[in-house]
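> Taken in order, these protein sequences are the chains called B and Z.
At position 148 of the first sequence the residue is numbered 151 (my numbering), and the sequence of numbers has no breaks.
At position 42 of the second sequence the residue is numbered 192 (my numbering), and the sequence of numbers has no breaks.
There may be inaccurate statements among the hints.
Once the Cα atoms are required to be at most 30 Å apart in a straight line, the calculated DSS-like pairs of lysine-lysine come out as [stated by the list, open to error]:
1. Lys135(B) with Lys74(B)
2. Lys246(Z) with Lys186(Z)
3. Lys321(Z) with Lys279(Z)
4. Lys74(B) with Lys247(Z)
5. Lys321(Z) with Lys186(Z)
6. Lys279(Z) with Lys186(Z)
7. Lys74(B) with Lys254(Z)
8. Lys246(Z) with Lys74(B)
It is worth saying that the hints were derived from the structure and are not from the lab.
Each chain, letter by letter, is given below.
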Amino acid sequence: MAETPQTPSDLSTFLRGLWRENPVFVMTLGMCPTLAVTNTVLNCLAMGLAATFVLICSSALVSLLRNFIPKQVRIATYIVIIATFVTVVDYAIQAISLELYASLGAFIQLIVVNCIILGRAEAFASRNGVWKSALDAAGMGLGFTFALFCLGVVRELLGSGSLMGIPVLGSRFEPWSILILPPGGFFVLGMWLLIFSVIRQRARARET
Amino acid sequence: MEDVSLPTIFINACLINNFVLSMFLGICPFLGVSGKRETAVRMGLAVIFVMMVSSICAYGINAVLDHPSVNAPYLKLICYIAVIASAVQLVEMFIKKTSPALFKALGIYLPLITTNCAILGLALFQTSKGYNFLQCLVYAVGGGAGFTLALVIMSGLREELELADVPDVVKGTALTLMLAGILSLAFMGFAGLGG
Numbered sequence: 004m005a006e007t008p009q010t011p012s013d014l015s016t017f018l019r020g021l022w023r024e025n026p027v028f029v030m031t032l033g034m035c036p037t038l039a040v041t042n043t044v045l046n047c048l049a050m051g052l053a054a055t056f057v058l059i060c061s062s063a064l065v066s067l068l069r070n071f072i073p074k075q076v077r078i079a080t081y082i083v084i085i086a087t088f089v090t091v092v093d094y095a096i097q098a099i100s101l102e103l104y105a106s107l108g109a110f111i112q113l114i115v116v117n118c119i120i121l122g123r124a125e126a127f128a129s130r131n132g133v134w135k136s137a138l139d140a141a142g143m144g145l146g147f148t149f150a151l152f153c154l155g156v157v158r159e160l161l162g163s164g165s166l167m168g169i170p171v172l173g174s175r176f177e178p179w180s181i182l183i184l185p186p187g188g189f190f191v192l193g194m195w196l197l198i199f200s201v202i203r204q205r206a207r208a209r210e211t
Numbered sequence: 151m152e153d154v155s156l157p158t159i160f161i162n163a164c165l166i167n168n169f170v171l172s173m174f175l176g177i178c179p180f181l182g183v184s185g186k187r188e189t190a191v192r193m194g195l196a197v198i199f200v201m202m203v204s205s206i207c208a209y210g211i212n213a214v215l216d217h218p219s220v221n222a223p224y225l226k227l228i229c230y231i232a233v234i235a236s237a238v239q240l241v242e243m244f245i246k247k248t249s250p251a252l253f254k255a256l257g258i259y260l261p262l263i264t265t266n267c268a269i270l271g272l273a274l275f276q277t278s279k280g281y282n283f284l285q286c287l288v289y290a291v292g293g294g295a296g297f298t299l300a301l302v303i304m305s306g307l308r309e310e311l312e313l314a315d316v317p318d319v320v321k322g323t324a325l326t327l328m329l330a331g332i333l334s335l336a337f338m339g340f341a342g343l344g345g
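Please construct the entire structure, taking both the sequences and the accompanying hints into account.
Below you can see the structure in the form of structure tokens.
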């Protein structure tokens with residue numbers, strides 16, 4: 004696609020994270036939670052929204068403080084900011100649903116080291132205003148949620164024959180239990196990446 | 151309760167619940183650094199070392215923050231990450247001072263360890279399992295060894311794959327992930343060991 008060298012509008016800042024620069028499918032960032040928690044759709048949505056919340060809050064705060072943070076210690080500062088919001092989310096989920104908290108396990112706390120968040124703080128929020136940064140973060144977060152959802156649907160539907168815990172494929176369906184086990188995560192993500200690269204190659208072929 | 155003898159902890163962390171292939175921790179360096187066998191080995195060794203240091207630190211943090219006079223468990227996460235980041239920095243400076251050759255060999259991989267979720271994961275898991283000091287240390291070495299093992303096997307496979315003739319579309323991450331899936335399938339065979 005031809006890039007026009009103008010300042011991107013609010014909408015395109017938001018949409019960029021959803022599709023063209025999707026953090027998981029295009030930039031392959033944040034792979035660990037993508038693989039680990041996508042065995043049911045519910046887990047995916049919870050993880051995606053938790054990460055989106057942390058992403059928006061920390062991007063906004065980093066952008067607010069961007070003129071006060073000395074350059075040498077910026078990474079450490081970002082990490083402390085992110086860790087603070089992750090602690091908030093951690094306690095919130097524990098208060099809302101203990102069951103969900105148990106099934107996500109340590110991965111809530113591991114949002115701290117999710118490269119997407121630190122990546123956006125460093126690459127976007129530290130150079131742009133609060134509103135733009137929050138929009139960008141929201142787009143990236145929803146893109147991340149969308150990617151998790153794509154994986155979760157396939158894994159839960161084929162791996163246990165249900166969606167959101169409700170059986171949909173009937174009792175005659177033999178579940179492919181491998182898909183909810185660890186190797187399934189690698190296979191399904193590999194398949195999605197393959198599909199996306201085929202789509203991109205087609206688009207490129209059509210242009211020329 | 152599960153068996154907590156030291157060899158069991160080691161085998162558990164290294165093979166049965168391999169950090170990379172069955173708990174999905176440290177996937178980023180696993181995909182990024184597994185191109186060449188030599189760098190994979192060096193990265194693995196650096197990770198084992200940092201894991202040991204941060205495991206000891208996390209044990210200390212737990213002892214302080216859970217002490218009745220402090221009692222601030224909500225600070226744990228922030229402390230862990232700050233300590234890991236500074237531990238990596240310290241290790242970097244120490245290696246630079248004592249062995250410039252090793253420092254050069256590790257290069258960019260050393261600072262990258264900070265964002266390796268296997269390290270933070272280790273600190274969180276050892277806390278939730280309630281290990282004592284010695285058990286923590288063995289768990290850290292086992293986890294690091296498992297990480298190194300996965301990384302080295304993967305890099306060996308990828309070096310062979312370079313010579314194979316594959317369609318253009320699947321080249322890159324997609325193929326690597328498929329390979330990791332098959333490897334992870336193989337590691338599931340260890341599940342019968344000890345439990």
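> Decide, hint by hint, whether the structure agrees.
Hints, verified against the model:
1. Lys135(B) with Lys74(B): Given that 30 Å is the threshold and the Cα spacing comes to 21 Å, the pair holds.
2. Lys246(Z) with Lys186(Z): Given pair Lys246(Z), Lys186(Z) holds - Cα atoms ~23 Å apart, limit 30 Å.
3. Lys321(Z) with Lys279(Z): 40 Å, violated
4. Lys74(B) with Lys247(Z): Holds. Lys74(B) to Lys247(Z) sits at ~25 Å (cutoff 30 Å).
5. Lys321(Z) with Lys186(Z): 16 Å, holds
6. Lys279(Z) with Lys186(Z): Violated. Lys279(Z) to Lys186(Z) sits at ~35 Å, over the 30 Å cutoff.
7. Lys74(B) with Lys254(Z): 25 Å, holds
8. Lys246(Z) with Lys74(B): With a Cα-Cα distance of about 23 Å, the restraint between Lys246(Z) and Lys74(B) holds, given a limit of 30 Å.
Comparing the model with each numbered hint stated earlier shows that hints 3 and 6 do not hold.
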